[in-house]
Every structure is written in C-alpha cells, then in structure tokens.
Amino acid sequence: MNDSIIRTQDLRFAYPDTEAGGPSVLNGVNLDIEEGSFVAVLGHNGSGKSTLAKHMNAILLPSGGAVYVSGMDTRDESKLLDIRRTVGMVFQNPDNQIVANVVEEDVAFAPENLGVPSEEIRRRVDEALKAVGMYEFRTHAPHLLSGGQKQRVAIAGVIAMAPRCIVLDEPTAMLDPVGRREVLDTIRELNRTSGVTVVLITHHMDEAAQADRLVVMSKGKVVADGAPREVFQRVEELKSYGLTVPETTELLWELRQEDGLDVPLDALSDEECAQVLYDLLTAV
Amino acid sequence: MALKDITLGQYFPGHSVLHRMDPRTKLLLTVLYIAALFLCKNVISYGLALIVLAAAVAVSKVGLKSIVRGMKPVVVIILLTAVLNLFYTPGHEIWRFGFLKITTEGLWSAAFMVLRILMLITCTFLLTYTTSPILLTDGLENLLGPLKKLRVPVHELAMMMSIALRFIPTLIEETDKIMSAQRARGADFDTGGLVQKAKALVPLLVPLFISAFRRADELAVAMECRCYHGGEGRTRLRQLRYQSIDYAGFLLGVLLVAAVAVLRHFGL
Numbered sequence: 000m001n002d003s004i005i006r007t008q009d010l011r012f013a014y015p016d017t018e019a020g021g022p023s024v025l026n027g028v029n030l031d032i033e034e035g036s037f038v039a040v041l042g043h044n045g046s047g048k049s050t051l052a053k054h055m056n057a058i059l060l061p062s063g064g065a066v067y068v069s070g071m072d073t074r075d076e077s078k079l080l081d082i083r084r085t086v087g088m089v090f091q092n093p094d095n096q097i098v099a100n101v102v103e104e105d106v107a108f109a110p111e112n113l114g115v116p117s118e119e120i121r122r123r124v125d126e127a128l129k130a131v132g133m134y135e136f137r138t139h140a141p142h143l144l145s146g147g148q149k150q151r152v153a154i155a156g157v158i159a160m161a162p163r164c165i166v167l168d169e170p171t172a173m174l175d176p177v178g179r180r181e182v183l184d185t186i187r188e189l190n191r192t193s194g195v196t197v198v199l200i201t202h203h204m205d206e207a208a209q210a211d212r213l214v215v216m217s218k219g220k221v222v223a224d225g226a227p228r229e230v231f232q233r234v235e236e237l238k239s240y241g242l243t244v245p246e247t248t249e250l251l252w253e254l255r256q257e258d259g260l261d262v263p264l265d266a267l268s269d270e271e272c273a274q275v276l277y278d279l280l281t282a283v
Numbered sequence: 000m001a002l003k004d005i006t007l008g009q010y011f012p013g014h015s016v017l018h019r020m021d022p023r024t025k026l027l028l029t030v031l032y033i034a035a036l037f038l039c040k041n042v043i044s045y046g047l048a049l050i051v052l053a054a055a056v057a058v059s060k061v062g063l064k065s066i067v068r069g070m071k072p073v074v075v076i077i078l079l080t081a082v083l084n085l086f087y088t089p090g091h092e093i094w095r096f097g098f099l100k101i102t103t104e105g106l107w108s109a110a111f112m113v114l115r116i117l118m119l120i121t122c123t124f125l126l127t128y129t130t131s132p133i134l135l136t137d138g139l140e141n142l143l144g145p146l147k148k149l150r151v152p153v154h155e156l157a158m159m160m161s162i163a164l165r166f167i168p169t170l171i172e173e174t175d176k177i178m179s180a181q182r183a184r185g186a187d188f189d190t191g192g193l194v195q196k197a198k199a200l201v202p203l204l205v206p207l208f209i210s211a212f213r214r215a216d217e218l219a220v221a222m223e224c225r226c227y228h229g230g231e232g233r234t235r236l237r238q239l240r241y242q243s244i245d246y247a248g249f250l251l252g253v254l255l256v257a258a259v260a261v262l263r264h265f266g267l
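Top line first, the protein sequences correspond to chains A and S.
Note that numbering that gives the first Met the number 0 gives residue 143 to position 144 of the first sequence, counting from 1, and the numbers run on in steps of one.
Note that numbering that gives the first Met the number 0 gives residue 159 to position 160 of the second sequence, counting from 1, and the numbers run on in steps of one.
These are computed hints drawn from the structure, not numbers from a lab.
Mixed in with the good hints there might be a few duds.
[To be verified] Calculated Cβ distances over 10 angstroms to all of chain A for the following chain S residues: (1) L38; (2) V82; (3) A221.
[To be verified] Here are the computed lysine-lysine pairs in the DSSO-like style, where the Cα-Cα straight-line distance is at most 30 angstroms: (4) A:K78 to S:K196; (5) S:K196 to S:K176; (6) S:K196 to S:K147; (7) S:K64 to S:K40; (8) A:K78 to S:K64; (9) A:K53 to A:K238.
Just so it is clear, CB atoms sit at the ideal spot from N, CA and C, and this is done for glycine as well.
Looking at chain A on its own, in the form it has when it is part of the complex (with noise of 0.2 angstroms):
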C-alpha cells in the first residue's frame, strides 16, 4: 500500500449541524489512488464528489471510516500542516482563491505560510508560474487577467507549495471554452512532467476522457471505476446515473442500439471514431 497517496476506508460523511444528523453525503466509499497518475472523479450534482475531494486535505473530517494522506490519518490534527503541504487544492471560482492583488505575491502565499526562506520562495514562485505559463503576468494584477489565466495563477499558487498531489474541484466550471482548453493542457502537461498527482473532479465527460483513471460516484458512493474507454463503455448504466457519455460514444452506443451494427464502443477521441466510421462504411 505504499504507492497510494490518498486512501480512504469505508468513507462516510454526513453534515453534523441538521436535524437528525442530516443526510449523509458520503456512504462508504473506498478509495486508493496511486502516485503519479491522473485520476477524474466523475458524478452528478450532489453525488458527493465535492465532499470527497474536502476530505483529501483535511477541510472536512470523516464522520465515520478514515482518510489517509501519505499514510497520516487527516484526524490527527499535529500532521494537519503536513497534510496540506501534500495535497494541494483548486477551487472552482478563481477570484475566492487569490489572496494578493500582484500575480507572484499571491503565488507566494503558501510558501510564505510555510515559513521557507525568502530566495527559495522566489524560485519556487519563478517555476510554478513558468509550469503554467504564466512567468511574463507575474507583476499583473490578478483581477485584470481572464478567467483561464487567473485559475492558472491560483494551480501556480498551489504548485509553490511542492504538493505531491493536486486536487481540483471543477475548476473549469465558470471558464469559457478556451480557458478550459488551457486549465486542462496545464494540469494534464504537471501530471506528465512532474509527476504530481492528479485529482480532477469534473462533471464534463471529455475532461474525464483524459484521464488514467475514472470513477464515478452517485448518491455517496464509488459505482464505477476503471480506465475511461472502459467506464463509457457502460452507456446505460452511467444513463441511470443521470451522466451522459462523451459524444463520440454516444454516436456509436446509437448506432448499436438502433441498427445493431457491430462497432466498438471504446473509441474516445474523434479520430479514432471517425476511423471506427470509415472502416464500418469500407466494409459494407
């Protein structure tokens, strides 16, 4: 077990402030996610994927099961610093996350929490603008840049820290297409180069897509969990899900079902779907 960053053990989370203890939000869910890779956890509104990724660096505490973080259990409050210091989180609103109105000050702010010496902090702060492309706004003000740009600051600023693990909790939801485009290039080229885990919660199927690994929750708990070219491949049941399945998928899952014609089903990008196509019509 030593090659899993986070783990978590029979999961459970319900809000203690309501009536009768609330509903519980997370029902058992176990968890192991290796070093290294790339992994989107995929659901619905209110399926608990935000909860999850709460309890990956300690913001939530389980109510019942354990959450371990490089094997420190996230209720011990004495390694709460560590914990944090490795895994690092990104938010969905870019503008609730910067805490200083000059780009490299804010990119400064955890390592300044941690206490590392001023020209460490200026290289560290030098590299994780340069990872995102962001080095040449790095005396900008954060208010002034585009949506895509100033969630790139806020990945640069959890970068600072030298996370081993990054967990991004939609942070593409209130970007415009091309500021989508340049959230994933980055965070997919950090998990290639660097190494640093990646944990991605998303509700769209093609940012999922790019993934190692995918699962996907419902109603608090993990109901699928594989490589994506396997999951989509469950169309129906990520259907009942309330999920719908990449198009190019979903193209071929129609043409299965309606003429029942012998296409794969694991064909994700639109090159390979456009060759499942043509090898379809040359046969005919």
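Fit chain S to the known structure of chain A by using the hints.
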C-alpha cells in the same frame, strides 16, 4: 459608470524612485509630510511644501490626471471647508451682503485650508499609488510590530487590510453586474429623492452582501488549503530592507519639517 472612478487604494505599478522606496519609509514620510503641512502658516512655508510635493509627483510618474480623478469624491468636503472659512473668519471686512461677509483673513484661510486638504490627499494618494497594497501592509505590520508585545493582533489586522484592498476591484465589478441585472429588470437607481434612492439600493446591497459572505467563506477555505495558520513562522517573498534612497528620503523629510518649523518660528 461612477463606480469605476474610485481610485481609493489603487496601485499603479512602476519603477520610479518612489516605487522602489521601502514602504516603511514612505509611510513615515507621509506622516512627516502631514506634520509639516500642519506646521505651515504662510505663503513661503506652503510654497515649500508644495514644491516638495510637486517634485514627488513628477518623480513618481503617476500623472496628474489620476490624482485629480481621485479628488472627485472629496470635492464637497473641500467646497464646504472653503465656504465656511471664507464667511466665518473674523477680521478686516472687504465685502458684505446681508449677514454674509468676507474678510481678508477669511480669504487667506480659505485658500490655505483648501490647499492643505488637497496636498494632504495628494500625498496619501502618492503613497497608495506607488506602493503595492501587500508591501503597504507589510510595512505597516513591520512598523507596528512592537505593538505585538501588547497583544495587539498586528498581523491579523494587516492581513485583513490587504484582503480588503484585494477585493475592492472584485466587489466593484460585482456591484456593476448586479446593478445592470437589476436595471434590466426595471430597477431605477438614478431618479427620486434621497429616501427613494436609498430604498433603491436595498435590492443592490442584499445580493452584494450575500455574495461577499460566500466569497469570504470560500477564501478562508482556500487560504487554509494553502497552509495559512496565522502570522507565526511566516516568511516573505520580499524582505523589507532600507537602502540608500530610503535614507535620502528620510533626510529630505526631516529637512522639510525642520525648515517649516523654523519658518513658523519666525512667523512666516
């Protein structure tokens, strides 16, 4: 849109001498300058203070336009001061209309008061225009550091101030957006008496407050995620260090106060 004109707490990035000066120096110089202004009594001392200020504005490359624009909200106060001083200073009468009279002393004191307020505002503008809010609060935190021993939460106050400054443009933008949304649904913010105008603000303030609370909550969580745990053991990206320009600045400030004090002593 009038909201966009608010320049309070705004910072213009730059590389002038004033920009490069240590924020602590600038804070202390501002205090020194204000002290000097209140010691000024006559044309010569006011002239001296004005020359120093004009030189500072020129060096800062901020541009007179943005300073003048920032004056807009205080125009009423300035006019009121001018009128009160003009009509209510006793002395040698030069003009009279009913109960209104203007005296030579009143004329002088009105001019000086207006000048004093304008210079006061300009010098504080120079401070905020040339110092990034983070550096400004750093400077304040550093200068007020000794108060920590008296259990004054200096770091917390400085943090609150810098966050408040950071969110001014965000909240202005949001206010603009809510106003447009309410206007689109027929809200009227511009006509009617004072009471009506105040009432029209309710549908603006309620959503603004709700959103500000939501933002505060999210920001607090985001700060915790980035390991914020108060001022203890915090380091800074930029360490504050006094350099030669700071010593030069101090020298100038002290000289100005001394000069004005001497002039005052001789009744000038």
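Of the numbered hints stated previously, which ones are contradicted by the structure, given in increasing order?
3, 4, 6 and 8
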